[in-house]
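Listed below, chain by chain, are the residues.
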Amino acid sequence: MQPIQEAQQTVGNGMKTIQVRVNGKIAKKEVPIRMLLVDFIREELALTGTHVGCSVEGRCGACTIVLNGDAVKSCLMLAVQADGADIMTVEGLGTTDKLHPIQQGFWEKHGLQCGFCTPGMMMSVYNLLKTTRHPSIDEIRDALVGNLCRCTGYEHIIQAVQYAADQVAAMSKEERDEIFSY
Amino acid sequence: MYPATITDYMAPTTLDECIQLLEQHGSQAKLIAGGQSFVPLLKLRMTDTSIVIDINRIIELQEFGEKNISQKRILRLGALTKHKTLATHPLVVSKYPILSDAAKFIGDVQVRNRGTIGGSLVHADPAADLPVPILVLDSTLRIVSREGERTVSADDFFLGIMMTVVEQNEILVNIDIPAPLPGTGAAYYKCCAVYGDFAIISVGASVTMTDDSCDSSRIYVGGVYPSPQRAVQTEAFLQGKAITDDILQQAADILADEIPVETDMRATAEYRRILLKEHGFKVLSKAIKRAKEDNI
Ligand SMILES: Cc1cc2nc3c(=O)[nH]c(=O)nc-3n(C[C@H](O)[C@H](O)[C@H](O)COP(=O)(O)OP(=O)(O)OC[C@H]3O[C@@H](n4cnc5c(N)ncnc54)[C@H](O)[C@@H]3O)c2cc1C
Ligand code: FES
Ligand code: FES
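So the protein sequences, as listed, match chains A and B.
My numbering applies: residue 1 is where the first sequence begins, and numbers increase by one.
My numbering applies: residue 1 is where the second sequence begins, and numbers increase by one.
Please note: incorrect hints may appear among the correct ones.
Said to hold, decoys possible - A partial selection of chain A residues facing chain B, derived with a Cβ cut-off under 7 Å:
| no. | residue |
| --- | --- |
| 1 | Gly14 |
| 2 | Asn68 |
| 3 | Asp70 |
| 4 | Val72 |
Unchecked claim - Where chain A lies over chain B, by a calculated footprint (3+ residues, C-beta under 8 Å):
| no. | segment |
| --- | --- |
| 5 | 7–20 |
| 6 | 39–45 |
| 7 | 49–58 |
| 8 | 106–120 |
Since the hints were made in silico from the structure, they are not lab data.
Keep in mind the model is a prediction, meaning the values are calculated, not measured.
C-beta: ideal position from N, C-alpha, C; glycine also.
Please construct the entire structure, taking both the sequences and the accompanying hints into account.
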C-alpha cells in the first residue's frame, strides 16, 4: 500500500487536523489533542468493534489495533500521534461472507463467550500470524499476554489460533499477502 | 478516563527543533516517546502538561548498531530503540543477550511494540527492567539541551524513585554500551507475580572470566528502592576466585544480605531476600556459562 500524507494542521484551541487510513479508507478529521486514539476510532469513525476494557493502565488489550503493521493499544496513544498512519481494526479483518482465517478459527473452536475481548485478541493474533507460520503453544500464549479474557480460560482461544495458523499455512503466498496486507 | 485539555502538540523531526521547543515552552511542555508510561499519567491527570512534544519522528534518536568511537567498539542505542528490537534483534540476542533477557519480559507484545528504552530509563520506575542491564553494562548516556550536551555514566543517571539527571529542558539522545571484553558473559532475570508484570525483584550480572576464575564482575539488583542497587560486596567476594557452585551459593548469600530490601504492595522484604538468594545464584551461573561459551 502507498504511504499516506500527514495532515499536520494546527487548528488552535487545543484542536488539530489529522489524516489516517483506517481499513483502507482515508479519514481526515479535526480532533481535540487530548483525544485518545481509541475514542477517535469509536466515536469519530463509529468503528465500535475496538473496545475499552480498562481505565488507566492499559492492561486489558481490548483496544488493540494494528498500527503501521504492529499490534498496539489504542488507549495508550493520542489520536494526533496517528497522523499519517495506516490502521487496521477488527472491522478490517474479514466480512460475514468471507471470514478471515483468524475469525474462522474463533468460530470453529468457540474461541469466545461474551466476545468483549475478541476484537483485541484477533488483532494480536494477526500480529503473530503475519510473521509466524507454525506458532507453538508457548508462542501463542506469549502473543496473547497483553489480552485479558474473563470468560474462556484461554484454552479455546489457543485452539482457535492453531486452527487459523493451519489455514494460513495451507495458503499460497499470494493469498497470504492479500489477507495480511497491513 | 480522559486526559485534561492539551493546548498544543508538536512533532519535530530534528533534535535542534525539539530542544528549541523545550526551551521555548518551559515546564508546560513534556516529551512523549512510546507513551506507555506517559499516557497513563495523562489519563490520571497526574502531570500538568499543556504542550506535548512527540519525539518519534526525530532521526537523531533512531540510531541502532555497533560502531567504533575513539577506537572503542560500542553498541549505540538511540533513545527511540523499541523494547521489541532489544528483545528480538539478532545482534542484541547474540552479543548483548542481557538486554534481550530484560526486554523480552517487559509487559506484553503491544507494550514492546511501542515502548522505548529512552522512555523507560527517563521514567525510572524502580521496578522497571531496562535500568539494571544498562547499569550492568557500564553504559554512557548522552543528554542534550539548548546549552549543549553532556555524557553521564549509568551509575550517575538515576537519582531516585522516578527521578534522573535529565532536566526539563533536556532530552536523552542515545545510550552507548561498550562491547563485551573477551571471556565476558552477562544475564538478567526478573521475578514477578504474573508474566510480564513489573519486577518484585530482578538481578543482572556481568562476569569476566579467565578459565575458571572470575576476573571481575558487575552485579545490580532492581525492584528495590529508590533505584537499582549495586552489589559491591558480592563483586568483591567473587573477584579472583575459582568459580564453583559452592562459591556461587556463598555469593548469592552475600547478595541477599547486602542489598537493602523493603516490604511494599508487591512483596514482603523477607520474600524478596528469598528470591534474591535463589535467583542471584541462577543469574550468576548463567552469566558465567555465557562467559565460558565466549571463551571457546
Ligand atoms: C501494560 C504495561 C505493562 C508494562 N510492564 C512493564 C514491565 O514489565 N517492565 C518495564 O520495565 N516496564 C513496563 N512497562 C512500562 C514500559 O516499559 C514503558 O514503555 C516505558 O516505561 C516508557 O517508555 P515509553 O517510550 O513508552 O515512554 P513514554 O511513556 O513516552 O515517556 C515516559 C517518560 O519519559 C520521558 N521521555 C521519553 N523519552 C525521552 C527522551 N528521549 N528524553 C527525555 N525524556 C524522555 C517522557 O517525557 C515521560 O516523562 C509497562 C507498561 C504498560 C502499559
Ligand atoms: S482499554 Fe484496556 S488496554 Fe486499552
Ligand atoms: S470472551 Fe468474554 S472476555 Fe473473552
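Do the hints match the structure? See the list:
1. Gly14: Holds. Min distance 5 Å.
2. Asn68: violated (10 Å)
3. Asp70: With Cβ-Cβ at 4 Å, under 7 Å, it holds.
4. Val72: Interface hint status for valine 72 of chain A: holds (5 Å vs cutoff 7 Å).
5. 7–20: holds (count 4)
6. 39–45: Since three or more residues must qualify, the claim that chain A covers the segment 39–45 of chain B holds, with 5 doing so at under 8 Å.
7. 49–58: holds (count 3)
8. 106–120: holds (count 7)
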